[in-house]
Amino acid sequence: MRETTRLNERPDPVVHGLYDENFEHDACGVGFIADLNGNRTHDIVSKGIEILVNLEHRGASGAEKNTGDGAGILTQLPHAFFLKVGPKAGIKVPAPGHYGVGQVFLPKDPKAQKRAKDILERCIDECGQNLLGWREVPVDPAGIGPTALSGEPSIWQVFVGRSSEVKDPESFERKLYVVRKYAERSVREEGFEGSWDFYVCSLSYKTILYKGMLTPPQVGSYFVDLADEAFQSAIALVHSRFSTNTMPTWPLAHPFRTLAHNGEINTLRGNRNWMTAREGSLRSDLFSDDEIKKILPVVEAHGSDSATLDNVVELLVMGGRSIPHVMMMLIPEAWEKDQEMTPEKKAFYEYHGALIEPWDGPASVAFTDGHLIGATLDRNGLRPSRYMLTKDNILVMASEAGVLEFPPEDVVLKGRLQPGRMFIASLDEHRIIPDEEIKHRICGRKPYGEWLGNKIVVSELPAPREIRQPSSENVIDRQKAFGYTLEDLRFLMEPMARNGEEAIGSMGTDVPLAVLSDKSQVLFNYFKQLFAQVTNPPIDPIREETVMSLTSYVGGEGNLLQENEGHARIIELTQPILTNDELERLRWVDKNGFTAKTISIVFKATEGEGRLKKALDRIRRQAVDAIDEGYEVIILSDKPVDSGHAAIPSLLAVGAVHHHLIRLGLRSKVGLIVETGESREVHHFALLLGYGASAVNPWLAFQTIEDMRRRKMLPDELTQQKAEYHYIKAVGKGLLKIMSKMGISAIPSYIGAQIFEAVGLGQELVEEYFTGTPSRVGGIELDTLEKETLLRHRFAFPEAHVEDYDDDIEVGGQYQWRQRGERHMLNPDTIHKLQQATWKNDWKLFKEYTRLIDDQAAAPITLRGLLDFTNGTAVPLEEVESVDAIVKRFASGAMSFGSISWEAHTTIAIAMNRLGGKSNTGEGGEDSRRFKTVEKASRVSDIIGVADALADYDLRAGDSLRSAIKQVASGRFGVTSHYLVNADELQIKMAQGAKPGEGGQLPGHKVDKWIGATRHSTPGVGLISPPPHHDIYSIEDLAQLIYDLKNSNTHARISVKLVAEVGVGTVAAGVAKAHSDVILISGHDGGTGASPQTSIKHAGLPWELGLAEAHQVLVRNGLRDRVVLQTDGMLRTGRDIAIAAMLGAEEWGVATAALVVMGCIMMRKCHLNTCPVGVATQDPELRKEFKGRPEYVETFFRFLAQDLREQMAVLGFRTVEEMVGRADRLAPRKGITHWKARTLKLENLLHRLDVGSHGQFCCTAQDHGLDTALDNELLKMAAATLRDKSPMQAEIRLRNVNRTVGTILSAEITRRFGPDALPEDTVRIKATGTAGQSFMAFGVQGVTMEIEGEANDYFGKGLSGGKLILYPPKSSTFDPRENVIVGNVSFYGATSGEAYIMGKAGERFCVRNSGAKVVVESVGDHGCEYMTGGRVVILGDIGRNFAAGMSGGVAYLLENERTRSRVNPAMVALEQVVDAEDLIELKDLVERHAEYTGSKKAFELLARWPEAAKSFIKVMPVDYKRALREQAAAVATVGGKG
Amino acid sequence: MGKDTGFKEFPRKAFGYEPAEERVKSYAEFVVPLSEKELGEQGARCMNCGVPFCHSGCPLGNIIPDFNDHVYREKWGRAYEALRSTNNFPEFTGRICPAPCESACVLGITHPPVAIKTIELAVIERAWRDGAVVARPPRERTGMRVAVVGSGPAGLAAADQLNDAGHTVVVYERAEKVGGLMRYGIPDFKLPKDVVQRRVDIMAAEGVEFRTNAHVGANVPVSELRNGYDAVVLAGGSTLPRDLSLPGREGAGVHPAMEFLSQNNHRVSGLPGLRNQRGEEIAEILATGKNVLVIGGGDTGSDCVGTSIRQKAKSVLQIELLPKPPEGRTEKTPWPTHPGPAMLSTSSSQAEGCTRDWSVGSKEILRDAAGKVVGVRAVRLDWSAGKPVEIEGSEYVIPAELVLLAMGFLSPEHKGLLEELGVEKDERGNVKAQNYATSVPGIFSAGDMRRGQSLVVWAISEGREAARSVDAYLRGGRSLLAAKSGSLCQA
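Which chain is which? The protein sequence lines are A and B, in order.
Taking the numbering used here, the leading residue of the first sequence gets 1, the next gets one more, and so forth.
Taking the numbering used here, the leading residue of the second sequence gets 1, the next gets one more, and so forth.
It is possible that some hints are incorrect.
Below 27 Å or equal to it, Euclidean Cα-Cα: the simulated DSS-like pairs (lysine-lysine) are [claimed, not checked]:
#1 A/LYS1497 to A/LYS1370
#2 A/LYS1165 to B/LYS13
#3 B/LYS332 to A/LYS844
#4 B/LYS75 to A/LYS712
#5 B/LYS75 to A/LYS1165
#6 A/LYS1184 to B/LYS324
#7 A/LYS844 to A/LYS446
#8 B/LYS8 to A/LYS1184
#9 B/LYS332 to B/LYS25
#10 A/LYS844 to B/LYS387
#11 A/LYS840 to B/LYS387
#12 B/LYS332 to A/LYS1187
#13 B/LYS13 to A/LYS1187
#14 B/LYS8 to A/LYS1009
#15 A/LYS1510 to A/LYS1497
#16 A/LYS840 to B/LYS324
#17 A/LYS1521 to A/LYS1510
#18 A/LYS787 to B/LYS484
#19 A/LYS446 to A/LYS346
#20 B/LYS484 to A/LYS833
#21 A/LYS840 to A/LYS1187
#22 B/LYS332 to A/LYS833
#23 A/LYS712 to B/LYS37
#24 A/LYS1009 to A/LYS1187
#25 A/LYS1483 to A/LYS1510
#26 B/LYS37 to B/LYS75
#27 A/LYS722 to B/LYS75
#28 B/LYS37 to A/LYS1165
#29 A/LYS1184 to B/LYS13
#30 A/LYS65 to A/LYS47
#31 B/LYS37 to A/LYS1187
#32 A/LYS847 to A/LYS1230
#33 A/LYS1165 to B/LYS8
#34 B/LYS324 to B/LYS363
#35 A/LYS391 to A/LYS1497
#36 B/LYS332 to A/LYS847
Bear in mind the hints are in silico, worked out from the structure with no lab data behind them.
Just chain A, with the same shape it has in the complex:
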């Protein structure tokens, strides 16, 4: 089958400048309605469309309001309708099951259309079926936007008759599948003009798909067919799309043939590669070999993640599995650590895990085969789905509750999809089939458990008689050869071997990119880790460990279409790092037919050039030979390295073999294991796995640990075995972190997923060995890589020895400045000059500083260092926009009070306010004493008191200590209504340059009383910022948060902070469509208060790439004029700012340099609290040393502006606006001689689109849609209250489209009266119906909202004192305890207030609650995660992983048999409720619950109180308890003295 491989090569996707369509994402609203009795009616179709319309706010439109991102509807084949319309098109419609209909997009050009039709007809014929005719689908394009129209295809239905040779409808369905796949490929292969417009939406005898680049309301009007009463179906599956990109196309609209998807597949690249790899092995009893050939490639070119998933689902369903079975295979539950799961089901998952890697990522997938309809949720449950059933057996499921309104008394069931659970209804059985039942059925199909009995576990293989290791005597030579540095040993390996921990560091990286370094760099350093932002959430691998897995498999058979014992012939690897012993066991494996072949990956170092290429060709040949000889494990080994033989970079060897075998269709026949001396830090292992290795044996790392022990770099008591164990554990933890950054939870889906971007690798190199990896500025090819490798090799094995130096490996200098180390932008010289210049107001000295930074001609550090300005006509300096005007465009970076001291934080704020620029709170909240403007000249101590003012200085009248930008990050620390109202800008931090995709942790020792109060937490207790915002799992959620924040402060502009990586442009477009006012693109090199070194070094990309991409994509899509683009990341001089402006940023952020101006000398000790200059510490003794003054910071920004002005004058720009986006005035620097830098190609970075009327900078305001907010009514109702606090009552009606209700009202109350100013119940509103998302977000004290009905996600988000009461309609007949009443992520980040909910809540209840008191009757998974304060009472079941990361507050749980096992014990203890105060508190809350909601459960409990109290357990965070005890002791001591 090797000859088929060429077919899989996809034509180049559309690439313009830095825009690449491969990086588009989408998310959306999804839903269905089905009549489980199977009655086909037109009503179902109309209701489907109604669902679509009611989910409109989850979709998006681009620059044009009337061009949607895509929407569609899937129904059963409407036979009655076709009987009616068929004859009009000259088609005689046969009986159901005897014909299929294809919905086909065709080119509009008649010639092309004819050609496409001919091909399809030929394929029908060749597959032995009968063409019945063509019907043009009537459409009404009125009201469709011009962009949609410009891509509008001609839509036709093709009718195919079943051949008499085909016995049954299901066989016919398979024939139709072959026809479609074959036709698709035939058209692509012919590749005529317009052929890309050919697309078959569906071709089936069962279902049909109407979709297009439409907004939800347009679906019904555009497709005239859908209005026909004869158009009947028992099923309607609908989807409305929110695409980040703004070049959506008609085919990419959902649904697809089998499914509609809300979410994102993170592992797509790997999944696609592995599918291609398996194509060679496909065989089936249901298809002839010829038919198999016709359906290849399985995965369509240019498909989105959802389209690709659909391709594979379809293949597997056609191959004979049921659709729920396929879903279980592809999107398995988190089974590995589930103690409640049956062995039968575990065996199913394990067996299928060996067969195919999970398609990992947030996903709510609704699917149907025309008989079964259902939905499944990924293991994390990160997408919402709610369902309800009426007594007439009508089932409705959608992303939100309330999409269709039914009388409450008709509803018999309300539920939600749960993580990893399958929701299935059968139209044949007329019922919902419970998860356990359907899965039991599927898991019992074959003896999976029995088959797995043959599994090989490495530790059970025979022990090796000896392990050959190179002599430990000259370990240093090998360390040199593999590029080890002293820093690797000290900074990275020491903490790993000592404690099993990854190294932590602080501040950003400021060394050259690998391709700009003078030193020999290991290949790993050219790759940057990608991470999730906005379109999908990262995971917390520590607190949500239950979903993570490191187990992978080698072996099995590639044939996905068969189920047999062969697939269970596997070797299980419980984690991917092999000890020497394990590797030897594997090397000599001889069991169940497994044997391993070791291939040496070294090349002759002594001969001429080109040896590396020859060696790569050799190992590829040897790998293929090994497979031919029947080996199923290949070990690539560089152990033979010696003076004459240099090691091939291990990653290169892996990539070379992996992609070669994929191309030959052989990859799935063999497991790849790497035995390498090169990999030592986590990033290295991640790369080897990411490019296809199943496991790695780091032999030299182990030997180095041995050597470190000998050299006393590790404690004496640490044995070698223990040290290696620690090291492996640390790598495992690090890998989980890297995977989770991308939202991936299982290692098999990470293997080969290539979640990296290369910087500085040439096109040929990447295409050949790292196929599919983005590398956007080109770079070195194999010859330079060879040179670079030999440089290390010759350093290790020089022609002659210099006695005194043989003991030394390289110092490194990556993490600290060293004379012999890597160059740093911030070095003794530049730091000194910058400080002196700004302290003395010395412009000349400042210019010396800028010269040092700017002059990178000989020794480049950054990409911008490789750029030059092109000539223009200079203008006189005095004609250039003034310093005063320019400084208003500056923002200081986001640094929290907590990461930096009060002194540093306020000094920057004062300076920025004086300049008219903006300072940023960071994510730590803000002391409300800073909100008032200083009235008269005074001192800092006048505001906060002498005791706290450790650095006291003069303030002027009109000064303000307030940060103009208030950040809203995942921890939501101190994000109250009061905080939000006091902002000019609200910034949503999606990622941080130093550690994108990760959360943070403020250690307990940094949380003093002041910081605790500001963050609404307990002093001395550590604080966790979760990796994701729990209210943002995809783009439409971000739109929702933007809307919430705009409601919380209608005067503030909303900003979204992103970090540069490939695809950030499309994300930015999505953010612009989500109505952000500002988009900030941060570079990878931004600072941090604490972060793993691997993230500081290896995650994210330079801002030049991200900014240019974002600007280009926004301009291309006509969105640039409605957002401000801002950038930051090591901006240091006017030249840097000028380049940032010309690449597209009209505003700029500077943080690290501002810290240096305040005294920071880049200690990189922020995480240790020992900053000796009082900048990044909370130690009062050190804070006293703070010498910064607002004046220095002012001078710095003025100097920067002046430096920029000089540049502008030379270039001939009078205003910043003229300069923004003028990439055409930049050019790659000429005459670059640097041996690696000269290979870079920066043209894509400088791509500029001339857009005419569309702006290159922000000049249009976003439409936030506040005019339709229900709060406009509430404000009218509350007019008197807002005037004089007089009480009021009102009644309102709610629908799911009423979002963020109560927030504007709350903000107005805060604005007028300050926080907590209204007495309880001043405003009382009674509502009925379904509350939309974010009900009462940031709702304040004095406002009480009572809902009779139900509510959606984010209920009570950020609650700031308000009171919420929620109970089901009084007329409903179902038992509220069994039914879901509120969605996911309720009370996220609540800071105070109370709530009473009669019914079940969804996942992630009360995450990061810091003060609200809430009573509820049951909650889903991850309840009370990260909670730091408040009280939660749960009168029923809890989901898994309760109280993970909970460091404060108390939860009272009504205990049942599952309760204890579902609490995550890492940070909390379970206690009986015995304390008198606790009992009073608990009873009081239950009483209020009974009173407010009428809860039967509460009344029952109260009836048997105090006996009932014994059924409760108290969940108490351990640290919190300790801190409270210490506080109490302190108070007692003071009291005693007093």
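Model the placement of chain B on the given structure of chain A, informed by the hints.
Below, chain B alone, put in the same frame as chain A:
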């Protein structure tokens, strides 16, 4: 990298001195070392800075945070390894370096800096004691020969490095003993001569050949260098003293500082041959019982002070043309600069009982009838205009029977060696040698001869870097020797 909070816990403590009244009784070294516990605490004060300014402030690029940490963790062997990776002679710099590293120490912004020099000395002395300093002759010889002229710190460093690289090195020294300024210029109480000799012995054991009493251009023909070697390193120092052209200069009892110091070092070492610059035997210069005037406020002046006091001078006065510097840093000498003479410091010699005076100009040397000096007519200077202006009516007479001129050095001697080789000189009269290569192929230069008068630490640095240049020249490509900055694994 010390202890995270060490700088908050321990105060600075540097090595101490024996009391002045005791130490002036002999020429012996008077440093009082710290205990190992104290040294550990001093190491713990190091903050392991992200940007270690000390490391940048050190002309050798000593990796200070590393050895500080090793000392804190009691890993003396590793501390020695770290130290010797950049510094051939820590026992010299540990004693006589003015420690620009400590001026640059980040802790110095807010606290007294880390006692780096104390730690350095402790590390190297411990290494000598432990027998860690051993001869490591090169495994292979390149067969190429290099001559080094001058055995001061620059010449020795160059020789040591080139020998390590496998070249055969011969050091030419015109004096009787190896060491140059360190042997003859610096008094024993600051740098005992056995400290110099034990290092020379190690180098000899490693294969470096020392030829003393070998004055190239005088008793050794220059052609010997040209013909017998593949490369030559000129490291003869800056030896022409700046003179004072005053009436009465020729009076008996007026001497360049180096004559006085060198003679005393000969005397202390029990060596014969007290000769002047021209090689002529000179009479004994003794401060005993005299009023001594030292003109010039630098380190050499200090050495004259300490030596005079040990010779039991009646009084010692040291004057300086420049005004009295401020006691702390000023705007002009902010951290991390090394303020040098721009900040007032008191050397151990000055503390032993000398009077200092600033803004004093000398007008005339007064002699008695026999031509012996009896004093100096001096005048007070006003520097308020940025240049010296004599204050009218401020003239006065300083009584002195011995006047020592310690005003620095002008350049190397041109006659003989340099002229015969025909190397170009720079505008200051030093050997012009870009990247250490002179205008004559194969001839290199390092140290004060190239750079002009400077610190011992700079001389060592020059010697090391020059050796790299020579090594690269000899190999016709990259040098295998480590550089101060940049790495060996670099294109």
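Hint by hint, here is what the structure shows:
{"no.": "1", "hint": "A/LYS1497 to A/LYS1370", "in the structure": "holds (15 Å)"}
{"no.": "2", "hint": "A/LYS1165 to B/LYS13", "in the structure": "holds (24 Å)"}
{"no.": "3", "hint": "B/LYS332 to A/LYS844", "in the structure": "holds (15 Å)"}
{"no.": "4", "hint": "B/LYS75 to A/LYS712", "in the structure": "holds (8 Å)"}
{"no.": "5", "hint": "B/LYS75 to A/LYS1165", "in the structure": "holds (24 Å)"}
{"no.": "6", "hint": "A/LYS1184 to B/LYS324", "in the structure": "violated (32 Å)"}
{"no.": "7", "hint": "A/LYS844 to A/LYS446", "in the structure": "violated (81 Å)"}
{"no.": "8", "hint": "B/LYS8 to A/LYS1184", "in the structure": "holds (13 Å)"}
{"no.": "9", "hint": "B/LYS332 to B/LYS25", "in the structure": "violated (40 Å)"}
{"no.": "10", "hint": "A/LYS844 to B/LYS387", "in the structure": "holds (25 Å)"}
{"no.": "11", "hint": "A/LYS840 to B/LYS387", "in the structure": "holds (25 Å)"}
{"no.": "12", "hint": "B/LYS332 to A/LYS1187", "in the structure": "holds (18 Å)"}
{"no.": "13", "hint": "B/LYS13 to A/LYS1187", "in the structure": "holds (26 Å)"}
{"no.": "14", "hint": "B/LYS8 to A/LYS1009", "in the structure": "holds (22 Å)"}
{"no.": "15", "hint": "A/LYS1510 to A/LYS1497", "in the structure": "holds (15 Å)"}
{"no.": "16", "hint": "A/LYS840 to B/LYS324", "in the structure": "holds (25 Å)"}
{"no.": "17", "hint": "A/LYS1521 to A/LYS1510", "in the structure": "holds (21 Å)"}
{"no.": "18", "hint": "A/LYS787 to B/LYS484", "in the structure": "holds (24 Å)"}
{"no.": "19", "hint": "A/LYS446 to A/LYS346", "in the structure": "holds (13 Å)"}
{"no.": "20", "hint": "B/LYS484 to A/LYS833", "in the structure": "holds (22 Å)"}
{"no.": "21", "hint": "A/LYS840 to A/LYS1187", "in the structure": "holds (14 Å)"}
{"no.": "22", "hint": "B/LYS332 to A/LYS833", "in the structure": "holds (13 Å)"}
{"no.": "23", "hint": "A/LYS712 to B/LYS37", "in the structure": "holds (19 Å)"}
{"no.": "24", "hint": "A/LYS1009 to A/LYS1187", "in the structure": "holds (23 Å)"}
{"no.": "25", "hint": "A/LYS1483 to A/LYS1510", "in the structure": "holds (12 Å)"}
{"no.": "26", "hint": "B/LYS37 to B/LYS75", "in the structure": "holds (13 Å)"}
{"no.": "27", "hint": "A/LYS722 to B/LYS75", "in the structure": "holds (23 Å)"}
{"no.": "28", "hint": "B/LYS37 to A/LYS1165", "in the structure": "holds (26 Å)"}
{"no.": "29", "hint": "A/LYS1184 to B/LYS13", "in the structure": "holds (23 Å)"}
{"no.": "30", "hint": "A/LYS65 to A/LYS47", "in the structure": "holds (24 Å)"}
{"no.": "31", "hint": "B/LYS37 to A/LYS1187", "in the structure": "violated (33 Å)"}
{"no.": "32", "hint": "A/LYS847 to A/LYS1230", "in the structure": "holds (24 Å)"}
{"no.": "33", "hint": "A/LYS1165 to B/LYS8", "in the structure": "holds (14 Å)"}
{"no.": "34", "hint": "B/LYS324 to B/LYS363", "in the structure": "holds (20 Å)"}
{"no.": "35", "hint": "A/LYS391 to A/LYS1497", "in the structure": "holds (25 Å)"}
{"no.": "36", "hint": "B/LYS332 to A/LYS847", "in the structure": "holds (18 Å)"}
Comparing the model with each numbered hint stated earlier shows that hints 6, 7, 9 and 31 do not hold.
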